[in-house]
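When you line the sequence shown up against mature numbering (1 follows the signal peptide of the UniProt record, and there is no 0), it's residues -25 to -1, 1 to 289, in that order.
Hint data in this document are derived by calculation from the structure and do not stem from the laboratory. Please note: incorrect hints may appear among the correct ones.
[As the list claims (entries may be wrong)] Pairs of lysine to aspartate or glutamate residues, derived as DMTMM-like cross-links and limited to a Cα-Cα distance of at most 20 Å, are as follows:
| # | residue 1 | residue 2 |
| --- | --- | --- |
| 1 | K166 | E204 |
| 2 | K205 | E236 |
| 3 | K196 | E236 |
| 4 | K147 | D60 |
| 5 | K274 | E264 |
| 6 | K55 | D108 |
| 7 | K244 | E276 |
| 8 | K114 | D52 |
| 9 | K260 | D30 |
| 10 | K282 | E36 |
| 11 | K282 | D37 |
| 12 | K114 | E62 |
| 13 | K114 | D138 |
| 14 | K282 | D52 |
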Amino acid sequence: MRPLAARATVLLLSAALLTACSSESGGGGGDSAKEPEIGTVPRMLSTAGLSYPLDGYATTEDQRRKLEKAQSRVTGDCMKRFGFDYELPLSPAPIGRSGDSRRYGLTDPAIAARYGYVPNRGAQPPAKPAARDLGPNGKLALDGPDGYKGPQPMSLEEAKGKDSGKTVNGQKVPIGGCLREGFLTIYAPKKGAVDAMFVTNVRMDAFSRSREDSRVVAAVKAWSACMAEKGYKVDEPVSPQSDLGLNPNTFGSPKAIAAAEQDVACKEKANLVGIWYTVETAYQKRNIEQNAETLNQAKTELNERLKLAAGLGG
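Using the sequences plus the hints, can you model the full thing?
The structure is reproduced here in structure tokens:
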């Protein structure tokens, strides 16, 4: 059985409780099979400060923290109905640069020379909060009843009309417990809400398609050939560590640093970042065109969510 803190953190980190995966992910037939035009490709190596067309629809780190705090407060208020003082643990603040800084693998020559493949410049992530023992009634209130066979409510509106069949201290336990009630309050208060993972799925779709694009494939082959000239047999530019015979304990070794420096040099020679960034941007633009209505709805709902969070003190 997973610790309560771990389960709670998963709910905060993954808004995928609405659906396992969005049915709309930017794909489809028609022109989706064709490679988009990209125009002039700039030469670049650094990924610092890169912007993408879908950024305007995505949740920023600051917004994510505000929503987390609001969700934690709602979950805590729910637990108080059952007589428990509980605070939903927040996910750790990110360390190092943004999550996009190694989108195309290691690209910073200074970091390669000093840290090799060690992530986050050697900074260690904070320790996970210790699991709190709430007892069987507290667990029931937090998680909802085990073995519930019925359909999970997909909105708070829907949840209010369902009964889990369980009570704690005279109060009806919501299906999915206070964790789900907290999630639905923030991310799906009404029926028909856009999947909270929709924008992320559209971004992932564009990235996946760009990786298979012939122009990126050619750039990766050029990078791989450059690495081979120095004795490195690799074909995965984002995470070549395993092919290089490295493991987390040796990511900062002299061997790793030498390979990392060559990795970055070959990316620059092949203009891998410039080509990949340009191609991915083109796929994101296409996905925006194909999913404009849903993306606009998602943006509207994000703004409404942030207003709700502000009202809750998030």
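Hints versus structure:
1. Pair hint K166 plus E204 does not hold up; C-alpha atoms about 57 Å apart against a cutoff of 20 Å.
2. A distance of roughly 11 Å separates the Cα atoms of K205 and E236; the hinted pair therefore holds under the 20 Å criterion.
3. For the hint pairing K196 with E236, the CA-to-CA distance comes to about 18 Å; that is within 20 Å, so the pair holds.
4. Restraint check for K147 and D60: the C-alpha separation of about 17 Å stays at or below 20 Å, so the hint holds.
5. Simply put, K274 and E264 have alpha-carbon atoms about 15 Å apart, close enough for the 20 Å limit, and the pair holds.
6. Taking the CA atoms of K55 and D108, the gap is about 16 Å. The hint holds against a cut of 20 Å.
7. Distance check on the hinted pair: K244 and E276 sit about 43 Å apart at the alpha-carbon level, beyond 20 Å; violated.
8. Between K114 and D52 the alpha-carbon distance is near 15 Å, which keeps this suggested pair within the 20 Å criterion.
9. The hinted pair formed by K260 and D30 meets the criterion: a straight-line CA distance of about 11 Å does not exceed 20 Å.
10. This hinted pair checks out: K282 and E36 have alpha carbons roughly 16 Å apart, not beyond 20 Å.
11. In summary, the hint linking K282 to D37 is supported, as the alpha carbons are separated by about 14 Å, within the 20 Å threshold.
12. Among the hinted pairs, K114 with E62 is consistent with the structure: their alpha-carbon atoms are about 13 Å apart, no more than 20 Å.
13. Simply put, K114 and D138 have alpha-carbon atoms about 17 Å apart, close enough for the 20 Å limit, and the pair holds.
14. With a C-alpha separation of about 19 Å, the suggested pair K282 and D52 falls inside the 20 Å cut-off, and the hint holds.
Hint compliance for this structure: hints 1 and 7 are broken, all remaining hints hold.
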